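Colleague: Residue numbers (my numbering), protein chains in the order written: chain A, 960 to 1275; chain B, 960 to 1275; chain C, 960 to 1275; chain D, 960 to 1275; chain E, 960 to 1275; chain F, 960 to 1275.
Source of the hints: derived by calculation from the structure; they are not laboratory data.
A few of these clues could be false.
One copy or two, either will do: identical chains are not told apart, so a pair holds if it fits within one copy or between any two.
Dumping the calculated SDA-like pairs for lysine to any residue here, alpha-carbon to alpha-carbon at most 20 Å [what the hints assert, rightly or not]: (1) K1273 with S1138; (2) K1215 with I1043; (3) K980 with T1167; (4) K984 with Y1168; (5) K1273 with Q1196; (6) K1019 with T1272; (7) K1259 with V1127.
Note that this is a predicted model, so its numbers are computed, not measured.
6 protein chains.
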Amino acid sequence: MAKQLMDLTENEEFEMFVILKKAEKRVAKNGKQFLAMTFQDKSGEINGMYWDASDEDVEKFTAGTIVHLTGKRESYLNSPQIKISSMSLPNADEHLVRDDFVQSAPIKIYDMKAEIDQIVFSITNATCSRIVRFLLKRHGEAFFEYPAAKSNHHDYEGGLAFHTISIVRLAEHIVDQYSGIDAPLLYSGALLHDLGKTVELSGPVGTTYTLAGNLLGHLSIIDAEIVEAADSLGISQDSEDLLLLRHMVLSHHGLKEYGSPERPQLLEAEILHDLDEMDASIMMMKRAINQTQPGEFSDKIFGLDNRRFYRPTKTE
Amino acid sequence: MAKQLMDLTENEEFEMFVILKKAEKRVAKNGKQFLAMTFQDKSGEINGMYWDASDEDVEKFTAGTIVHLTGKRESYLNSPQIKISSMSLPNADEHLVRDDFVQSAPIKIYDMKAEIDQIVFSITNATCSRIVRFLLKRHGEAFFEYPAAKSNHHDYEGGLAFHTISIVRLAEHIVDQYSGIDAPLLYSGALLHDLGKTVELSGPVGTTYTLAGNLLGHLSIIDAEIVEAADSLGISQDSEDLLLLRHMVLSHHGLKEYGSPERPQLLEAEILHDLDEMDASIMMMKRAINQTQPGEFSDKIFGLDNRRFYRPTKTE
Amino acid sequence: MAKQLMDLTENEEFEMFVILKKAEKRVAKNGKQFLAMTFQDKSGEINGMYWDASDEDVEKFTAGTIVHLTGKRESYLNSPQIKISSMSLPNADEHLVRDDFVQSAPIKIYDMKAEIDQIVFSITNATCSRIVRFLLKRHGEAFFEYPAAKSNHHDYEGGLAFHTISIVRLAEHIVDQYSGIDAPLLYSGALLHDLGKTVELSGPVGTTYTLAGNLLGHLSIIDAEIVEAADSLGISQDSEDLLLLRHMVLSHHGLKEYGSPERPQLLEAEILHDLDEMDASIMMMKRAINQTQPGEFSDKIFGLDNRRFYRPTKTE
Amino acid sequence: MAKQLMDLTENEEFEMFVILKKAEKRVAKNGKQFLAMTFQDKSGEINGMYWDASDEDVEKFTAGTIVHLTGKRESYLNSPQIKISSMSLPNADEHLVRDDFVQSAPIKIYDMKAEIDQIVFSITNATCSRIVRFLLKRHGEAFFEYPAAKSNHHDYEGGLAFHTISIVRLAEHIVDQYSGIDAPLLYSGALLHDLGKTVELSGPVGTTYTLAGNLLGHLSIIDAEIVEAADSLGISQDSEDLLLLRHMVLSHHGLKEYGSPERPQLLEAEILHDLDEMDASIMMMKRAINQTQPGEFSDKIFGLDNRRFYRPTKTE
Amino acid sequence: MAKQLMDLTENEEFEMFVILKKAEKRVAKNGKQFLAMTFQDKSGEINGMYWDASDEDVEKFTAGTIVHLTGKRESYLNSPQIKISSMSLPNADEHLVRDDFVQSAPIKIYDMKAEIDQIVFSITNATCSRIVRFLLKRHGEAFFEYPAAKSNHHDYEGGLAFHTISIVRLAEHIVDQYSGIDAPLLYSGALLHDLGKTVELSGPVGTTYTLAGNLLGHLSIIDAEIVEAADSLGISQDSEDLLLLRHMVLSHHGLKEYGSPERPQLLEAEILHDLDEMDASIMMMKRAINQTQPGEFSDKIFGLDNRRFYRPTKTE
Amino acid sequence: MAKQLMDLTENEEFEMFVILKKAEKRVAKNGKQFLAMTFQDKSGEINGMYWDASDEDVEKFTAGTIVHLTGKRESYLNSPQIKISSMSLPNADEHLVRDDFVQSAPIKIYDMKAEIDQIVFSITNATCSRIVRFLLKRHGEAFFEYPAAKSNHHDYEGGLAFHTISIVRLAEHIVDQYSGIDAPLLYSGALLHDLGKTVELSGPVGTTYTLAGNLLGHLSIIDAEIVEAADSLGISQDSEDLLLLRHMVLSHHGLKEYGSPERPQLLEAEILHDLDEMDASIMMMKRAINQTQPGEFSDKIFGLDNRRFYRPTKTE
């Protein structure tokens, strides 16, 4: 395979195709405009500055463009950075496509759909099953396209579904290992817990928070939709099953400080919270370690209290 | 007016009619049963122990019973306490009624209804107005009967409506004094902010939390009902007015630690939170000071970080 | 009215008179000097960089100077910024005066004095009244000129008096709505609570903290002055009225973390704290929203825990 | 199976054999001595007071004694309590043995030993493997007998080994589901993480903290033993494997506030912490829910921030 | 020397003279009155209950009375307790005096006065020296009689002066060991830092907080008195020396949370805070360890975050 | 003595020899490389930028080089900064040596060794004495060369030993002033408390954290070495003296949040913590004040919660 961004070592010179994840026009202290860029390929992303950009450059090099990049990988304040030698649009006959440059869930959407179907099928509780089906149907398309977050972890196309599947897989192990867990409730909570992100976030590309996302948060968004679903399906608002499912979703951030209006008060709600947090942590750590040389500490990880993680020298 | 509980001074002997707010059977260390009681009249409440209660006593002296009480007001661990000399049921010809003994909102329900009507009438925003009317209609009866809390403040019949009215009155002053406030939004938020308590709490007497109250909290309860109301009224879930109103309700506890999934991000939401807190504080302080002798500090007030408040010697 | 700074939309070109609120000489990375400027008029303020400033420019364009500015309103890191085309001193015959460019209290000093007089007149408690008069006399001039803070809110000429008046107006509403409040004490506390700022701050222009301000804080400053006033007036240091008034002032920050050596332990002290905080919050929110486009979130407000506030699309 | 303590419903009268977990002599306010008791069988435990205990009773009914108990299950302050009718020693021919009354790990020691052996066998890293074997050999007996805690969870014979096995099982799932995890390091950390409890705690019965436990804590205890083991085995103190293993153990409480001198800085250390916490939480919740009636909330769980957990009405 | 309270071992029977530190009438659950007592001698204090107290007993055994006590030292909830066998007033010819039973500063007042004089004499800064002399003269008598606290540490006659002297002695060492410290400022701050306690507390016996103590705190009390002293002495309120001295006193609690309106911002102020805290800690630990058997942990010390301290087996 | 860096006043032009503490190559926004430098001499250090550095300059001006510097002391963002006019290597005949430019402990190593020997000699407890000697022998050389920290305080050659000696001197005063302190334990704890820094830090120059330092921390490092020492010396791991000494070291950060796995539970451990903190604070304050003009506030001190400290105008 051709060399990729994350394969470059310090001070290595290179040429390769990359996609522009970000290309922001700014004005330097000397009054000239430049482009603050983020280059991306499947392996990861690195920043770089395109100095003295002409108006034509600004128009040509926008976010989402695939470019041919010649440069050198340097360091700036301990972070890798590209010193650009030259940058140009690829020839028309290169046939490069966006999907070869952006990160996406490690499972194909087709397979994720199948796995989700199977889980839904295993939910034996009628109330839970009907509501889950109703809401997955409403948000189905977005569910398999959206990221699970604006940044930090699972912040790529399909990230939401992949994060959900990871949690369900862990949940299945927990159900196997410990007795007395209400599996249908746990799986239903896992499937719906982040579904409100299809309303909270703007979409898979250039993800931002929507107004509803900012003012309500994805917990309240999906909670109200569960109530609407029950109305549509003729399920009583007093049904204990419904209350339990709403509680699963509302409490899954674990702490009020993190936006859950109530802390988990069900065995299954506490487990869902733990698994959610664990899957996110592992993803953040793996990404950070991946971008770190053996024998070094990673950058600070914002989502993990700014800790740095060590990549042992022997890590395979 | 006849002497009431709060009029008694230390070591004063008395006889009067009171209502039993609480009458819990317990077993003393010597194995005999006794009744842990709370006596109440319009002026306030004091605890007392009814030692060596016979089975007949237990049956006769239940919560809600009006009794003729002879005793002495003493102190126990700095709190007033009644030493009971004798206690008996009133004669049949006494014609005593519960309403003369329990605290209730200082405004008549009839007047509160009129005042609420007037406020609703003043809401010029169609979306807000229709949702407020819809939900007040659904919970109208409970709204005027329920307390605003299980204890601490406004914990009596009509307390919810009275607390709501107090906030609206303050809000009207704020709207007068400062320009640029969206009055219809502020009033709508004030009217709905605690309406979920009609589902969170069990009712005006012997108030406890319901299962929905424990698992969802009154913020999420009313938020989902606003969404349901919009569905019923054909208001789009994407309407900005609707989002703003939902935000008013969800954010009114001010801090995530206090159960708001989002902090106030609207001028009107922050004001609602401030007024809610201020009205509750004033009520708690006034009650505590009322039960304190001039020149003394009150008991610790739980809802105000366990502070004691001083009643100056000269307070009229 | 002529177009003002806050009326400019993104990328709009303009020429207008403004005052230089700040004009700091700095050295750019290329070794040339430039002026970091803040332009101000009644509508608000925007930053801009004056590149390649000559020594003559530095001397000419100092803080407080009124200039004729030609430029373009751009954005830098989400904040508005002026790109300067040209800048010059106004002709001698323009007759521009500072007061037409800087923000000041929305009420005339003359009217504020009248309103304060009326409040003082209403204080029926002799001890409070005498001390308030004594200290207002001592700091009277500064009281009507100083800002209420170095930045954040009421940070303009007359801000201190205007903030005080706003609180008193709210206090009058509270006294009307709730019974049992010691109005003279509440008004006296309101009038004196921030008076120590006339010693803590350096003055209305280029406001900084004085040494006394840094080492003592305005609470201890005014507290000691109340004691001095009592000495001068022959009021006993053991007078309960005096203790209560000192407590009002010392406790008005509400929390020890915010510099109050004691938390409020009087009904009136807690109310004063609540009103002080509410008036400051409303001012900060209104200013931030004012500088925000409809449908957007404001900048983070430092004094409100870095929250951003949303300006609804429909705000009039 | 005969009725057990946890099967009793409120106010049910019963007779059964139980073991005395606690029998503390105290003096009542009337000067008479009584025994504060905790009755236990495999299903759980309930408190009860044995009033007016004679000196003979005190001598006869000590902790660890199996008794024949007649009484009634009542409630005291929302907790179940036994009202004792009579209590006597069993006849000599009853052949009752302690192991039939006390809780123990749900797996037999023999099977736990086999499972631990298998895990140790799977540790392919020589440094880790040798140290784990060395220390398990040193503390082997205690490891399979000690509880994992003084109270809260796994506080019974074999609890330490069972808790360790539970974590390893979860760890195996994690290794399967996520790539890039150093399995030998994770398993070694899991096996050693709580082994210092064999020094920190006094033993499986009447467990208290030892002086070393109080002054050093089990993290520092086992950390120093790992260093000693390396010395004995000729492993260099600078070996990266050794540092990583020490870090696994020292950081497994996750937060400094919880006694870890360093927070996890390895992927495997963070995972170990998460799994440790999750297994403990599940055990605490299951026990509390088990002692709760369907449709009720459990007692507050100290180890889970005093939350109560709800047992749904339908729980099978 | 005769055996004293702290010399008694568990279950030891004894007879001795003690003073009643506390003798509170209470009513037992069986309706009979008893006296909750605290017995004290120079060695320390222990609680005990005097059951079935007659009205005559209540009158006879009041706080401050010296009694002849026969009893047994037992334990109750891990705290020592006296089981009273008999208690009587001493014969008239016993000539027992209060001072032989209550704790007091380990230095005679006469010697403390001499040491304070010497320190004052060494203050070479005129402003500081004059203010210190002025205020010590005003509160001189109380300064040598008052305790330094209501409880916890130095809570005995002369405790305030003794605590002050201890800090000054430490300060002298610090001045010797480190260069660049303003000794007159440090000593003046040390002498005045707690002098406000002569107004904050009610006196050496049965110490409570005064109204001024509750509403103002001893920091603001002495700060205002420093200002008054300066007025009397003709020292300008703008004198830097005066500001520094006020800051020393106002900041000596170190943190705003502990009631200092400003945190230390002078080298000498930070040192004063550290020494104040250290002396108090050492006193609390020494007292707790003194009341603990070798090889045991002390009771929890409230003033040290409820830590228990260990008394090693070998402690001489 | 020749003028030094800290003697320069704002805008003063100068020429002098200094050592380069830092010389980092960076790339300016205009694409040219420059050197971000820290100049140092015995008096302190100041930053400066060397613009348009040639490749030759980069090679020549590395950290540790002594240079002849001509320039002007200016200010940048309130911090002093050197504007470089010219910079060159000294002539070969200048005979300048590093030790004349870098800060070091104010006592000679020879004298520090003698003082440490004397302290060790005074430790009368055999267990403590033997372990202290063993470990000082192992780390003796590093102990007298290493700094006590990477920055903030005692961050120079010999800083570790000097900090240790300062604490022991304070400890001697404490032992004199208060009775009942176990002096050998306190001195032993003081000598060993930071000795793990010889493993945690990389060395006296260009100090960084080692891998062991990052993953274990100096508390656990020295704790394990104490255990190894005991093994080597045949001291039982159950010896109470050993447990106490380990506790001294493990608890000396005082709070779990600061990395102590257990909080101090010995009188001597609490004292060690207090003295450690006080010596560090005084050093940080003295350095900051030293770099501040009279009548000004220092920069924020990171290690003291970002407080600024005031240097009075009169400070000698």
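Colleague: Between the shortest in-copy and the shortest cross-copy C-alpha distance, which are at most 20 Å for K1215 and I1043: within, between, both, or neither?
Modeller: Result: close neither inside a copy nor across copies, 46 Å intra and 43 Å inter.
Colleague: Is it within a copy, between copies, both, or neither that the alpha carbon of K980 lies no farther than 20 Å from that of T1167?
Modeller: Only inside one copy: K980 and T1167 sit 14 Å apart there, 35 Å across copies, limit 20 Å.
Colleague: With identical chains treated as interchangeable, where does the CA-CA distance between K1259 and V1127 reach 20 Å or less: within a copy, between copies, both, or neither?
Modeller: Close neither inside one copy (29 Å) nor across copies (29 Å); limit 20 Å.
Colleague: 20 Å Cα cut-off: does K1273 pair with Q1196 within a copy, between copies, both or neither?
Modeller: Cα proximity of K1273 and Q1196: across copies only (17 Å, versus 56 Å in one copy).
Colleague: Have a look at K1273 and S1138 and pick one of within, between, both or neither, based on CA distance no larger than 20 Å.
Modeller: This pair counts as between: shortest inter-copy Cα distance 15 Å, intra-copy 39 Å.
Colleague: With identical chains treated as interchangeable, where does the CA-CA distance between K1019 and T1272 reach 20 Å or less: within a copy, between copies, both, or neither?
Modeller: neither (42 Å within a copy, 33 Å between copies)
Colleague: Can you give me the call for K984 and Y1168, within, between, both or neither, at a CA distance of at most 20 Å?
Modeller: So K984 and Y1168 fail the 20 Å test inside a copy (22 Å) and across (39 Å) alike.
Going down the numbered hints, you'll see the structure goes against 2, 4, 6 and 7, while the others check out.
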